[in-house]
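S.K.: Model the full structure from these sequences, guided by the hints.
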Amino acid sequence: MNMKKLIHKILLGTITLLIVASFSACEKGLDVEPDPSFGLDPAEAIQSAEDMQKLLNSCYDACANMMGGQFQVISDLLADDVTRPLNNDGNTTAIFNRSVAQFNGTSNNAYSQPYFTVYRVNVMDLYYDQVTFAAGEKERLQGEAAFLRALCHFETVKLWAQPAGFTPDNSHLGIIERVRAKNEVVLRTSVASNYALIISDLQKAIGLLPESNGVYANRNAAKALLAKVYFTKGDYAAALPLLNEVIGSGYTLSDSLNRFNRADVESEIIFGFVTTNSAYDINARGAGFKGAYRNDQNLPTIGISTELYNLLSADTTDRRRKFAALINPGQPNEIKVSTKFNLNNFATPYLTLTDMLLMRAEIHALQSNSALSIVDLGLIVKRAYGATSSKYVSLSGLSGSDLVNEVRLQRRLEMHLEGDRITQLKRIGAFHSTSSTIRNAPWNCPGMVLQFPSSAGTVQGFIFNPEGGCN
Amino acid sequence: MRTILLSIFGFFLALGVQAQSIKGKLTDSKSEPLIGATVIVEGTKSGAQTDIEGQFVINGLNPGKYRLRFQYVGMKNEFKNIELAAGQNLILNVVLKADENQLDEAIVVGYGTQTKREITSSISKIGQKELNDLPVQSFEQAMQGKLAGVSVTQGSGLAGSPSIIRIRGISSISAGGDPLYVIDGIPMTQDYSSFGNAGGANFNPLATINPNDIESIEVLKDAAATAIYGSRGANGVILITTKRAGKGKTRVTYNAQMGFSTPSAKPRLVSRDELLNLMEEAWINDGNTGKPDFSKFGINNMTWDEARNNNTDWYNELTQVGVKHQHDITLSKGWENLSLYSSLSYNKNETFIKGNSYDKISGRINLDYQISKKLKMQLGTSFTNGDNRRVYSGWSGGYGLVMSSALPFYPIRNPDGSYFLFNNSDAGFRTNPIMMLEQFKWVTNEQRTIGNMAFDYEITENLKARVQGNYDYQHISDDQFAPQELTRANGSDTTSISTKNFRYTNNYNYLAQLSYRYKINKLNKFDIVGGFERQQSITQGYNIVERSASGFITDGRKTDNNQKFYIVPSEWKFERFFGRINYNSKDKYFLNFAFSYDGSSRFGDNHRYGFFPSLSGAWIVNEERFLEDFKKLSLLKFRASYGRSGNSDFDPNARYGFFQANSAISYNGNPTLYPTQLENPNLRWETSWTFNTGLDFGFFNNKISGTVEFYDKRTTDVIMNLNLDPSVGFGNYYDNVGAIRNYGAEFSLRANLIRKSNFTWSVMANIARNFNEITSTGAYTEEAVSGGTNDTRVVVGMPVGTYYLVRFSHVDPATGRPVYLDKEGNQTFQWSANNRVPVGSILPKAVGGFTNNFKYKNWDLSLLFVYQIGGNIYDASAKRQLGVMSFWNSRPEVADRWREPGDVAAFPRLTLDASTYGLPDYWQYNTPMWLYDASFLRLRNLTVGYNLPEKWSKKAKMTSTRLAFICTNLFVLTNYPGLDPEIARDGEGNINTSRNMQSQGTYYLNAPQERTYNFQIIATF
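Chains as they are written, first to last, in this note's numbering: chain A, 46 to 516; chain B, 40 to 1060.
No lab work stands behind these hints, which were simulated from the structure alone. Predicted model only: the values in this text are computed from it and were never measured. C-beta atoms are modelled at their ideal positions from N, C-alpha and C, and glycine is treated no differently. Keep in mind that a hint or two might mislead.
As the list claims (entries may be wrong) - Footprint (simulated), chain A over chain B, 3 or more residues, beta carbon under 8 Å:
{"id": "1", "segment": "688-697"}
{"id": "2", "segment": "704-716"}
What the hints assert, rightly or not - Short derived list, chain A residues pointing at chain B, Cβ under 7 Å:
{"id": "3", "residue": "Arg365"}
{"id": "4", "residue": "Phe509"}
{"id": "5", "residue": "Gly513"}
M.R.: Following this line, the structure appears as structure tokens:
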């Protein structure tokens, strides 16, 4: 075969091959559009103010889930109001034992929850300048987003770091602050830094939020949360004016004590998470509370401590006595329970007038302003025991540490199993009684702080919490 | 369908047969006909293949002088010079002698074949005889111990349990570690995780290939061999070639096997009374008095006093002697222009676990039709229907409960006849396994057809074109039925429940290819191959749940769409250009360049295409003049290669970012929108650069021959499904962040030690030593990826699948508490995850096997040993069986425990309280106490065979008849105290992650392998 013929045939073959190939070979031909059920392309997901509102709704949803008992139950397991888990569950028992390690499923799951919201809030930051808003709409969204990010960071730092006051300047390790929607390495910063961010977010929210905003966060909610943040970090002077503003904003105590039934206590709710009649909400909201404490259908997995039971049932005039109940009374398998969560449709109050009054009452009591303290405390006591009760009548005689203790007792009774107890005990340990203990363990023992999940240590330089030391 | 097939068949039969001018017969030195041998008339285009009786016919030659070449695999070429007179019908009978050299053996390589002489890369081959010398459920099991560098870890004794195949170690973490399987040119669907590990078992997609249909398996190991498969070749490529008929008259083979399945090991557990004594001791140790309160052990359905009323042997209740039988019938027939291979196989495969079996029927038709002198067509199609009768096992129940919470003092039934419900505190261990066995029905049906059609066109003598289209369809229907009695007893529901989970995968590819041979002169030539290939796969399906049904959902198609939950389809595409240039000089020097230019939908927008080149060479040294005097050296071939390949076996949707708009998830009645997955536009293949060098040698006319190879494979851009710091806002993220190095050596040897007329003894042995090291995890720590149950981590400087545990020091003689070591080696009573360190690895140091074949007259004996040296087993069940007392059974080793101050013991004081052991909870008792040496030597196969004398067979109208007794897994020598040192735990969670990082060495309540006894008869007509 001569060379010319050969080249001709090679060319012929190559052309044939290329024709076949070119029918399909192109970069676009490789594209596979993911099935719509996977979700939306990020580049197209946020197109309008309406989409931004939906994104914000998902932040409320995520927060409602985490505050639907998950964080509160974990908090109370560390404190002294509950029993060792009745079902021998390894994870919750480890929390109760203050020996949470890196592989605690309950604690690890909780840790991821607030950061869902934080990420979404940070995603919103990317779109404020790309979307057209109605007047005031952008500011409202920014305000609510800042409020929710602060809430999430605040709830996280309370559980995964030693409290404010653990070190004089709060230089001890806090949590990871996330302020950008980016998969980047961020390490833990100090508790001082954490609180500074939380306060900054809340101050921003106060400036942006409207006075009234339906069931969503409004300006008073941001003020109330900021007051609570200051109170928790022992900065009572900063908390007091905010408490005065919020308490003076027209909220009134409800006569009902069914705090988790929003309709009953609407007048005193500054901010809380709602449940609607959708199947998802009814089934999912409050699942953390119901799973742990509900006892009218099945046995609870966690009972209340004898100490709390006795406190709740000590005074026959105390209407909160109704929450204390016994299962199998007198039997070896007797269980003390709270009926507070024997509900179907759940709302989770997060910031309430009761809480504000008790904070202000304690601050006044600590500042020896007994009269002012008794005014606030009196509202709570009168509702619980009645205006003619000896408890209410005797309040006026209280002062000094007796008054402080009474305020704290009423807080415990009012807000039992709402996740508040451990925060107060740690605050008291940090600022008022450094030798105090929580269920026979020092308030600042390492195990009193939850351990981070092992996955938090995925990045170089992450420092885990010390463990143990509480037993 | 049958009518259509018969019509096609008849059409091909009708094609005529032509007359011949040279006839003859080719036989070997024992006068056995050589079937499928080639006769070539040199310098012409004429030639022929021998038929079933070794006969050949060549027509159409002009009168003249010719040189005929006779060749057959494994035989020396024979040449005859003839002179053909006009009108002569020449008869020519030729005897071929065995060629110990075997350099002319055909080896299948990617997109073509080469002779062994021409091979410049690392390729191992296994033929049909070695594949079918032991009964297996799936062909990959038969490869174990026979190929250097190919590690086959057998699955459990469950029907359909997949093996783990690793070629030269593992270079992936979150991407698949399995080789690419290509059957007759089709890259197969090989997803083990179609249904996760439901029931404690994965799914074996390879089981649908009938081992009896396989002609040969070539394993491509180095980059020079795999580069042509580009971004999918880095874990090696397994090329499966199915049988095709040669020319000749009808040949029918019937192969029948009948056998029995028993477990290769039985769990060792304490008796009822021993267990109760242990429980009582723990109760007292914890400071309690009186009778133990069972509720404190998590036992909620029985009191201490009731315990001695029952003594159930759960093991006996759940096991059996399984019956197996298999029938294969094959038919082959060749005409001048047409050849047909067809087979039909039925396989009934009970295991030693009651209720568990895998029944399979399969068939294959392969047709070759020479349409014209220049055009040839190949057609192949197979169909398999497999029914896997499933049972719960491992972590999910059944046999797994025998070793955990099926306590000997639990009865099977209550006095009133109802089932006794365990009601243990942990939900995973509540179910009575006999209740499940008797009540729960579960069948996974798989249907699969693999078909291909290829046309080869000879444009010129040296230029050939091929177009090929392939189709692989897999259809899996998983049906479960729980009657009302069961759902009520489990407390999960009050009605019967039927579920159908249905998946189907359409996988198709096509290719166009040109091959050209260019001879510069008689001594130098080029072989060039180039082409384009495209593949697409989409998996779809749905799940149905029906309540109050009376049995399986028979036809999911009839179910209303509203009741179906369609799964999210998984779709991917590949396309690539590939090429190879071989340069051959003097048949002694070879140079090879191969490449693939790959694109895939799996790759992120910034990396859509990758280039994968390789360069390799070989030198037949013993044919050099300077070695002419070394007569004892019959073969010395040196090879070396360097090249790049990739791995792209990862989630096809991993690169995308997603937002979800979910109307069901709302807040205050308002809709939500939220991100669900982070986008990674840079996600791409893993890249491996591999250097390989090898030496093939033979002595004494190749009575002793072998291969030694060294390789160094460095993989970068290793894909990790990263455990993200939860504060990022997502749990996981796929990224190319790691680097892994595998290097090692392989040695294989074949020796014909005795070769007498009545007695022969041959030995084959191989060993492969692999060093594996993670050289980088980027900016991430060892926590970046974890094995399925948190036992293994990615540790830089250590192998993939490194156990990362808190070290155990000793039992404190004073208190009986376990003493651990912190990271610095200080003793502590407190177990803390902060103190975990690397303590072992799932990966063995070396694996291999050796076979002894003896033949005495008509008898033969074959022994296949497989072995593993090094590596660790982590027995994750032992931490409960020998840990904190609860509702689990215990093992006899617990006898060596602390009982009183001063005791020096292996195990600590018994307790119900995890804090006594310094543990947060009893699941965290992860220490090297449960880490064992995984070395073993196993007699994998023992076969005693007898070939009936020819005259007996002929009397029965048969060509040959063989009888054999085959025993598998007769014994295993190991220091591992558990059931079976060979562990291929069916993956959990992220299947790929756990298969690479854990599955091979981490044990958790799995069933051991089977020991089978089989009788076989092979009759050829």
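S.K.: All the hints need checking, so say for each whether the structure fits it.
M.R.: Hints, one by one, checked against the model:
no.: 1; hint: 688-697; in the structure: holds (count 5)
no.: 2; hint: 704-716; in the structure: holds (count 13)
no.: 3; hint: Arg365; in the structure: violated (29 Å)
no.: 4; hint: Phe509; in the structure: holds (6 Å)
no.: 5; hint: Gly513; in the structure: holds (5 Å)
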